[in-house]
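Q: The working numbering numbers the first residue of the sequence shown as 235 and each following residue consecutively.
In short, the hints are calculated from the structure, not lab data. Each hint should be verified, as a subset may be incorrect.
[Unchecked claim] Calculated lysine-lysine pairs in the DSS-like style (CA-CA distance at most 30 angstroms, straight line):
id: 1; residue 1: Lys261; residue 2: Lys298
id: 2; residue 1: Lys340; residue 2: Lys279
id: 3; residue 1: Lys261; residue 2: Lys436
id: 4; residue 1: Lys349; residue 2: Lys390
id: 5; residue 1: Lys261; residue 2: Lys461
id: 6; residue 1: Lys461; residue 2: Lys340
id: 7; residue 1: Lys461; residue 2: Lys432
[Claimed, not checked] Using C-beta positions, here's what the derived DEER-type ranges look like:
id: 8; residue 1: Arg435; residue 2: Gly400; range: 15 to 25 angstroms
id: 9; residue 1: Asp411; residue 2: Gly336; range: 19 to 29 angstroms
id: 10; residue 1: Ser473; residue 2: Asn296; range: 36 to 46 angstroms
id: 11; residue 1: Glu471; residue 2: Glu365; range: 39 to 49 angstroms
id: 12; residue 1: Glu353; residue 2: Lys461; range: 35 to 45 angstroms
id: 13; residue 1: Glu260; residue 2: Lys461; range: 22 to 32 angstroms
id: 14; residue 1: Met327; residue 2: Asp402; range: 23 to 33 angstroms
id: 15; residue 1: Glu418; residue 2: Gly446; range: 32 to 42 angstroms
id: 16; residue 1: Asn296; residue 2: Ser369; range: 40 to 50 angstroms
id: 17; residue 1: Arg435; residue 2: Glu365; range: 34 to 44 angstroms
id: 18; residue 1: Ser473; residue 2: Gly362; range: 40 to 50 angstroms
id: 19; residue 1: Phe335; residue 2: Pro464; range: 37 to 47 angstroms
id: 20; residue 1: Phe318; residue 2: Asp411; range: 29 to 39 angstroms
Treat the numbers as computed from the prediction; the structure is a model and nothing was measured. We treat Cβ as the ideally placed atom computed from N, Cα and C, and that holds for glycine.
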Amino acid sequence: MIQVKNVTVSFDEIKVLDNISFEVPEKGNLVVLGKNGSGKSVLLKSIAGLINTSEGFIEIDNVKAGPELYENGASERSTVGYVFQKGGLFDSMTVAENIAFGMLRKKYDRSVIDKKIEEVLVSVGLAGSGEKYPSELSGGMQKRVSLARCLCLEPKIMLYDDPAAGLDPVLTDSVADLILAIRESAAITSVTVTHDLKFARKIADTVILLYGGKIACMLEVEDFFSKKDPYAKQFIEGSDVGPIDLF
Numbered sequence: 235m236i237q238v239k240n241v242t243v244s245f246d247e248i249k250v251l252d253n254i255s256f257e258v259p260e261k262g263n264l265v266v267l268g269k270n271g272s273g274k275s276v277l278l279k280s281i282a283g284l285i286n287t288s289e290g291f292i293e294i295d296n297v298k299a300g301p302e303l304y305e306n307g308a309s310e311r312s313t314v315g316y317v318f319q320k321g322g323l324f325d326s327m328t329v330a331e332n333i334a335f336g337m338l339r340k341k342y343d344r345s346v347i348d349k350k351i352e353e354v355l356v357s358v359g360l361a362g363s364g365e366k367y368p369s370e371l372s373g374g375m376q377k378r379v380s381l382a383r384c385l386c387l388e389p390k391i392m393l394y395d396d397p398a399a400g401l402d403p404v405l406t407d408s409v410a411d412l413i414l415a416i417r418e419s420a421a422i423t424s425v426t427v428t429h430d431l432k433f434a435r436k437i438a439d440t441v442i443l444l445y446g447g448k449i450a451c452m453l454e455v456e457d458f459f460s461k462k463d464p465y466a467k468q469f470i471e472g473s474d475v476g477p478i479d480l481f
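Given the sequences, and given the hints that come with them, work out the whole structure.
A: Dropping the structure here:
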């Protein structure tokens with residue numbers, strides 16, 4: 235479903251991602267961990283087509299996007315939903331209007347839009363909230379609206395940028411349950427960037443740990459949390475002893 239092959243992303247000759255390669259199978263749930271500045275969000279945005287690769291390519295559902303094919307590849311990525319860290323909602327629009335935004339741009343019929351809004355609000359536990367504004371919602375509810383906005387376009391792939399950020403433990407667990415439920419009901423492949431280890435352990439099939447723009451380790455979730463890998467062990471324990479530099 236997702237293939238990342240020898241991808242390098244550079245800004246002003248500084249390599250943020252350095253020769254990254256991995257695959258995420260259909261219905262797989264990959265979690266990306268790493269220190270601040272390790273390239274997590276850049277990787278997510280590269281998969282979404284928001285950032286071009288300097289070298290290598292990313293292939294989604296057999297559509298390749300690299301330096302030469304980027305324009306075509308980006309246009310084909312309508313099957314990808316992106317949930318921003320802070321929700322990315324329009325403050326001046328109601329919940330229903332926010333959810334309808336993408337469908338209107340794709341020229342869906344109004345009757346279809348209204349039906350989908352109702353369906354996705356139920357699916358994320360926000361039935362009856364369509365006329366509210368983002369300012370009237372909690373942070374967790376705003377993230378659910380952002381998720382609903384993606385789901386109405388029926389993506390095959392969901393990309394989550396730190397969905398647990400700023401949430402208390404109860405809401406974090408609720409968002410994790412929602413991501414897992416969506417995966418099962420809609421057979422969605424997902425890539426999630428997070429700093430929350432408990433959240434990562436609950437939703438992941440596979441974990442990648444980025445360090446210095448490279449993959450320090452890529453392991454099945456239970457192997458990662460077994461702490462047998464030295465990079466995983468240091469990251470989980472937050473220790474100053476190990477292969478990861480503190481600064």
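Q: For every hint, state whether the structure bears it out.
A: Hint check results:
Proximity of lysine 261 to lysine 298 is assessed by CA-CA distance (about 19 angstroms); at most 30 angstroms being required, the pair is judged to hold. Among the hinted pairs, lysine 340 with lysine 279 is consistent with the structure: their alpha-carbon atoms are about 22 angstroms apart, no more than 30 angstroms. Simply put, lysine 261 and lysine 436 have alpha-carbon atoms about 16 angstroms apart, close enough for the 30 angstroms limit, and the pair holds. Pair hint lysine 349 plus lysine 390 holds up; C-alpha atoms about 20 angstroms apart against a cutoff of 30 angstroms.
Straight-line distance between C-alpha atoms of lysine 261 and lysine 461 comes to about 26 angstroms, which keeps the hinted pair within the 30 angstroms bound. With a CA separation close to 46 angstroms, the supplied pair lysine 461 and lysine 340 exceeds the 30 angstroms bound. Of the pairs offered as hints, the one joining lysine 461 and lysine 432 holds, with about 14 angstroms between alpha carbons and a cut-off of 30 angstroms not exceeded. Range check, arginine 435 to glycine 400: Cβ separation about 19 angstroms, and the 15 to 25 angstroms hint holds.
The given range of 19 to 29 angstroms is respected by aspartate 411 and glycine 336, whose C-beta atoms sit roughly 25 angstroms from each other. Checked against the hint of 36 to 46 angstroms, the pair serine 473 and asparagine 296 passes, with Cβ atoms roughly 42 angstroms apart. With their beta carbons about 47 angstroms apart, glutamate 471 and glutamate 365 fall inside the hinted range of 39 to 49 angstroms. Separation of glutamate 353 from lysine 461 is about 42 angstroms and conforms to the stated range, judged on CB atoms against 35 to 45 angstroms.
Separation of glutamate 260 from lysine 461 is about 29 angstroms and conforms to the stated range, judged on CB atoms against 22 to 32 angstroms. Between methionine 327 and aspartate 402 the Cβ separation comes to about 26 angstroms, which falls inside the hinted range of 23 to 33 angstroms. For glutamate 418 and glycine 446, the hinted distance range of 32 to 42 angstroms is satisfied, since their beta carbons lie about 35 angstroms from each other. The hint said 40 to 50 angstroms for the Cβ distance between asparagine 296 and serine 369, and at roughly 42 angstroms that hint holds.
For the hinted restraint 34 to 44 angstroms between arginine 435 and glutamate 365, the CB-CB distance of approximately 37 angstroms keeps it satisfied. Remark: the range hint 40 to 50 angstroms for serine 473 to glycine 362 is upheld by a beta-carbon distance near 48 angstroms. In this structure the hint that phenylalanine 335 and proline 464 lie 37 to 47 angstroms apart at CB holds, the actual value being about 46 angstroms. Judged by the Cβ atoms, the range 29 to 39 angstroms given for phenylalanine 318 and aspartate 411 is violated: they are separated by roughly 20 angstroms.
Hint check: violations occur at hints 6 and 20; the rest are consistent with the structure.
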